[in-house]
Each structure stands twice: as C-alpha cells, then as structure tokens.
Amino acid sequence: MPFASHLRDLIDARLWRLRPLPWRALLDRLAALSPASLHSKLAVLVVAASLFSALPVAWVTWSQASAVARDGALRLLEAEATLVADRLETPLTAMMQDAAVLAATPPIRGIIRAGADEAGRDPVDGSSLADWQARLETIFVAMVEQEPTYTQVRYITLADGGRELVRVGRAPPPIKVAPRPVAALGDLGDAPEWRLLAESRGLAPFYTEVTTGPEETEAIRAVQPVADATGAVFGAIVIDGAYESLLAGARAAMAPGHRLLVDAPAAVPDGVAGLPPAAAPAPEGAAVVRVTREVPAGGGAFTVTAIAPIETLLAPARAALRQALVFSAVLVALALVGALLLGFRLTAPLRGLKALVTRSRELGEPVSVPPQATGEIGELARAFRDLTIDLVERTERAQAVLAAAADGILIVDDAGIIRGANPALGRIFGQPAEGLIGQPLGCLLPEDRGADHAAHLAGASFGGTGRRMAGNREVSGLRASGETFPAEVTVSETSIAGRRAFIGLVRDISRRKADQEAQDRLVAELRRAKADLERSNDELESFAYVASHDLKAPLRVIDNASRWLEEDLEAHLNDDTRESMDLLRGRVARMERLLDDLLEHSRIGRVSEPTALVTGAELMEDVRALAPRRDGITLDVSEELSGMILPRTPLRTVLLNLVSNAIKHHDRPEGRISVSAREEGERLVFTVSDDGPGIAPDYREKVFGIFQTLRPRDEVEGSGMGLAIVRKHVTLAGGEITLASNGERGCSFRFTWPKPEPTERGGQAA
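Residue numbers (full-length UniProt numbering): 1 to 766.
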C-alpha cells in the first residue's frame, strides 16, 4: 500500500467528515505544531520513553563489556604475575638452599672452635683460625664461580659489634677474595643483615630487602643463621644475589606494554600501594594485580605486581558502547516517527470536538453529541455536556444563595469598581442592586470617607506586602436617601478569571448599635448601683463595728458592777442571789459573743483575710486546739484529709464551727466526731459527722439561719450564728452545704470547696 494511502487511513476522520490531508498539508501541520499541544507532548513523551529505555541498555552494555574486559585483563595480569613469581621463586629458593649447604660445611664449626680458643687453635684437629678461613674461602670461591648471579658470599659474626670473618666477591671478574688476617676485614656497621640477625637472635633463615651493594648494584641477600656449641646464634652465611640478573628471566614473561614490580613498594604509583590482590585502577590510569609467593626454603615471601594501562583493558568495552549508542539513536528516531503518525490519529477526535464547542458557542446552543459519537470522543463529549449542566446548576444555586442572604454581598475589582451585588445590598443602601454594578465603591460611603476607603481597599493585600483590611471592620455607609448608618464590613481576596478581586460582606448594625447603647446605659446604672451598695456596705460595717463596740461597753460595766456588788455584799448573799449574779454575768458573756459573731458574719466576703496553704493535719490541729474540750468525745480525721494541701482561712473557721456545734450539742457522755475529705473533679468534698442527737427534716434548713438554735440557750452556750457563718463562707467560696440526718441519732454536714491554686510550699506557713 502506498504511504499516502496509509497516511490517509491513519487520519481518517469520517466521524467529523474531515478531508484527508495531502503530503504538503501534513508537513505544514508538523511545522505548525505547538509545543503545548497534546500532539507535541505525546511525541516528547515517546522520545523520552525511548531515551529512558535506550540509555539503560547502553549503560548495561557498557557495564557488562567493561566488566568482561576488566576480568579478562586481570586474569591475564594475574597469569603473568604468577609466571614471574614462578620464575623468581626458583633462584631465590636455590640461594637459601646454597646458604644452608655452606652453613653445614666443616670450616664453619672449625672457625667457631678456633675463635673460642685462646691460642687460636681448633682443639679437635689442631688447625688454626687462618687455616679454617682459607678452607672456607676456597668453598666460597667455588660457589661464586658456579652461580653467576651471586655477587658476594660472606661469613659474619655477631661478636665485637658485628664483623666479617670470610668474604668472597665478584667485583668484577675474576673472583676476589678479601685479604686476611681477620683484622683487615671491615666492620658490618648498620648492615641490614646484621641488624636483622642481631634483633631476632633466631636460627630461621630470611631474606633482606633489596639494597645497593658495595659495587653500587642492587642486591637481595639470603641469610642463614649459624649457632655455636651452646645453641646460641654465633653468626650467619650471607649470599648476595644480583637483583637485575634475577629479574632478567622473569621480565620475559610480561606482555608488551605491561610493567613489572617485585618487592618494591616505593615504585608502585600513588593510590596503588596497599591494594589487595584484586585489581583496581591506579590514579594515572592503570590496573594493578599483586601475587604474593612464599619461599619454602627461605621462610620469607615476595610480592609480584603486574601493571597494565586502562586504555588497553577497556578498548573492547568502548567499542561495544559505540555500537549501543548507534542502536539507541536509531531506536529514538523510529519512535519519534511512530509518535508523530500515532499522534495524528489520536488527536483527530479532539480536533473535531473543538470544532463542535466553537460552533455551539457561536450559535448559543448547548454542545450536541452526534448519535454516532462512540468511543472516547463520545464519552468526552457527553462528559463535557454534563459538566456544562453541572456548572449551570452551581451558578443558579450560588445566585439563589446570594438572593436569599440577609447580609449584603458585593464584588469589587482591584480598581475599586463594583462588579457584583446581591439584592440584600440594594435593600441596605436603598437602591436596586443592578444599579450599583459598574459604580465606584465610593458611592456607598460618605463623601468624607469614600476616598479613604477606596484607597484602603486598593492597597490591601492578602498575600504580599501591602496593608491588609481587618475583618469585621466598622464603617459608615451612605443610603440613597443621603442617610448615613453604621455598617460592619468583612473583606476577603479572591481571583476571578485570573484577575484579583475583593468580596465584601456588609451588615447593617444600626439596631445592634442602638441595643449596645442601651446596654451601655444599663451597665452604667448597674455600676452606680454597685457603688451605692458598696458604700452602704461600708457604712453598715462601720455601724456594726461601732454598735458592737458601744454595746460591749455597758455590758462590761454591768459585768464589773456585778462582781463589785458580789464582793461588797459577800457577807449578805445567799445561794439564790449568787445564782442570780452568775446568771447575770452569763447573759453578759452571751451578749458579747453574740455581738462578736454578728460582726464576724457582717464582715464575711467584704474584708479580705491573708491566708496560707497548710496540710490537712496542721489545719485539724488548729481546730482541736480551738474547739471546746469535753471528756468522752473523740475527734477522728481521715488520712486523705491529713495529706491534702488546704487554705488555712476561712476553712479553719468553717470546720471549727461544725466541730464545736457537734461537741456542744452532744447529749451523751461519750461520742465520736468524724471529719473527712475527698477530691471530686475540680473541687473538694468535706464531711463532718457525729453520733449526737438527730435533726428533724423540718429544721434542716432553719438551722442555717441567724440566731437559730434547737435547744434553749440556758442549756447550750451559743449565739445561734455558727451555722450561718459556715453557710456564708461556703457560699462565697463557690460551694454548697447540706445536712443529712434521720431525725433520731447522728448528723452529717457535707460541703464542697474549690481546690486551692498551686502555690510554693514556702508560702504554706501561717
């Protein structure tokens, strides 16, 4: 099928009756694609997906190829290092074996024995020290002649700070024997072989580091310690091997371009020394492999390091990477072409829907869905139609809410022009809401305030740095009739069609202002009445104090006069007159207590008393000390009450009056009074119970009145004010007091008290 026909099939729009696009129109459409269009985004998405797929493939290819190349190169380097190690191990092992053979020759022991003799003679065969040295020199010469890699063979001793006994060297051929006598041989000084031998004092053979020999050539030394007759280290056989000669055969095993390092850590590039046997790239672009080989005959070890350039190792991997990148580029190009062709097919229904929407807007008709519109385009058209209907319904509901709102609502743009208003706003300002639209905001405000409010609104900002209008702001409004009225306005910012706008909520508060003024007048009157009442209370308190003081004065005169009469007429008084005098003084004392209680009752709640926090145990100790004493009466206090922190006053007065009443009114020789307390939420509940006479239900409220007592005053001393004082203290503290009794035996007073505020313990002392 020709490509043009295939393209026509792809963009066939029979549903929307569009004509097929020719080649030139297709190219024009490709050139006119908008970067923000769905077609362009689809192409970008496909290209991005292709790149995200191709790049990991290229990366995996590169990683695998580089790993294979690196592993192969490392195996090659390891094989080379192993081969070099094998070629080095043989001569090194032979050196140590030769040193062991020389250490076992007879001249070694003969020199030890002759050197230990004062006469310099071997006690075994009578040979002198020089004889044994000559014999050993002959053996050393034969050894040096046989092994061309040996540059020097010596027999050294630890005696005299370290010196040489026999030395044969190759400097250069022919072989040179060091002169004798022994005194002509040099001291060892700080030679590495002597230092290591002196430090270890062991008989195990070892190799020294590669150092420069007497002939300025690098040498490695095999050291075989020698023991004397006691088993102690006497000295050692030392064979110097030419290091370059030993490496000559090993280097032949290396591939071109590779480097070899053997036991020379200083020669390893920076960043490579100290690496494990596995390979790692060096900073200067090299791979390194180390092989450590033990020397069985010498008890030592050496390390072979093979180095190869990274460029050589990764050449196959780079070639594979180039192939993967070419493949990825072809894949992305094919994906782009496919995305463009597919995009035309997928976006054709959307273009048709756009044409329908444009036509509906021009004709003022709702969007019609063709009956043959099926698939995604049909679903999209129906969804668009449903969205339009939903928007219409929401608009109608919003308009209904605005029309029914009791408060005025207006919309103002950032230029201060009214763009919307509800009917309530028109009713508030006395003109139709439609007539306000398009008017400046200042038409709703008095002339002297309109410009200020307009500028204030224009400068308001709810997200920037401008001044923000306060919520519930009180302003003055201007009705169409010219009348001004107080209004409360709340302004908030919004965005309509991408432009900033302000929504104002206006409420006429004329009635509320009038009610507020009436309330203020009532509060002023109440304050005046309160002041009058406080002044009256002060006068009453002053009167009560003066009355108490003035009434007590004649009472004290009567009391004193009765005592004087009793003293003057002592000889003439009989029992009846004495009883009358005692009764007179009792009535005087009762009147004084009555006046004191009356004064105390009048001052409750009007005179502040300093108080302190104490424990319940301390509070009840004060009550015990102040209550009237009576034998046979037991006062019990609960543990919970003893552990509480309580205010000393006026709680002490309340408990003292209740306990004193229970003691005074008890009608039996023995009795029990119980005082307890418990926490109940944010308050304390106190209970004072006794087993004395009960109180009938008819008197349970009467006993809290002033001057009330259930027994004649001649039988019980009291003013009848105790329970009245208790109730007044409890009521002023915000609590309640109740009396429970079966009418026959026992009474239980229960009252509530607020919990004290947390206070420092230091303020509890009274």
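Hint data in this document are derived by calculation from the structure and do not stem from the laboratory. Nothing here was measured: the structure is a model prediction, and the numbers come from that model. Ideal Cβ positions, reconstructed from N, Cα and C, are used throughout, including at glycine. One should not assume that every hint holds.
Claimed, not checked - 20 Å max Cα-Cα, derived EDC-like pairs, lysine to aspartate or glutamate:
1) K513 <-> D622
2) K664 <-> E618
3) K755 <-> D698
4) K755 <-> E679
As the list claims (entries may be wrong) - DEER-style ranges, computed between Cβ atoms:
5) E679 <-> A740: 35 to 41 Å
6) E396 <-> S476: 32 to 38 Å
7) L325 <-> A497: 46 to 52 Å
8) Q519 <-> P697: 29 to 35 Å
9) A415 <-> E379: 30 to 36 Å
10) V68 <-> A383: 27 to 33 Å
11) D407 <-> R500: 18 to 24 Å
12) P56 <-> Q399: 38 to 44 Å
13) G430 <-> A497: 42 to 48 Å
14) R683 <-> D576: 53 to 59 Å
15) G643 <-> P697: 49 to 55 Å
16) A383 <-> I437: 43 to 49 Å
To see whether the hints hold, each was checked on the structure:
With a C-alpha separation of about 57 Å, the suggested pair K513 and D622 falls outside the 20 Å cut-off, and the hint is violated. Distance restraint check for K664 and E618: the Cα-Cα separation of roughly 23 Å exceeds the 20 Å cut-off, and the hinted pair is therefore not satisfied. With a CA separation close to 32 Å, the supplied pair K755 and D698 exceeds the 20 Å bound. Taken as a hint, the K755 and E679 pair is honoured in the structure, with Cα atoms around 8 Å apart against an allowance of 20 Å.
For E679 and A740, the Cβ-Cβ distance of about 21 Å falls outside the hinted range of 35 to 41 Å, so the restraint is violated. At about 35 Å, the CB distance of E396 to S476 agrees with the hint of 32 to 38 Å. For the pair L325 and A497, the beta carbons lie near 50 Å from each other, so the given range of 46 to 52 Å is met. For Q519 paired with P697, a C-beta distance near 45 Å fails the hint of 29 to 35 Å.
Evaluation of the 30 to 36 Å hint for A415 and E379 yields a failure: the beta carbon distance comes to about 43 Å. For the hinted restraint 27 to 33 Å between V68 and A383, the CB-CB distance of approximately 56 Å leaves it violated. The beta-carbon spacing between D407 and R500, approximately 23 Å, falls within the hinted interval of 18 to 24 Å. Between P56 and Q399 the beta carbons are some 57 Å apart, a value that contradicts the proposed interval 38 to 44 Å.
Hint check: G430 to A497, Cβ distance near 31 Å, so the stated range 42 to 48 Å is violated. One distance hint, 53 to 59 Å for the beta-carbon pair R683 and D576, holds here, with the actual separation near 56 Å. Taking 49 to 55 Å as the suggested C-beta distance range, the pair G643 and P697 does not conform, at roughly 35 Å. For the pair A383 and I437, the supplied restraint of 43 to 49 Å is violated, since their beta-carbon distance comes to about 34 Å.
The structure shown violates the earlier hints numbered 1, 2, 3, 5, 8, 9, 10, 12, 13, 15, 16.
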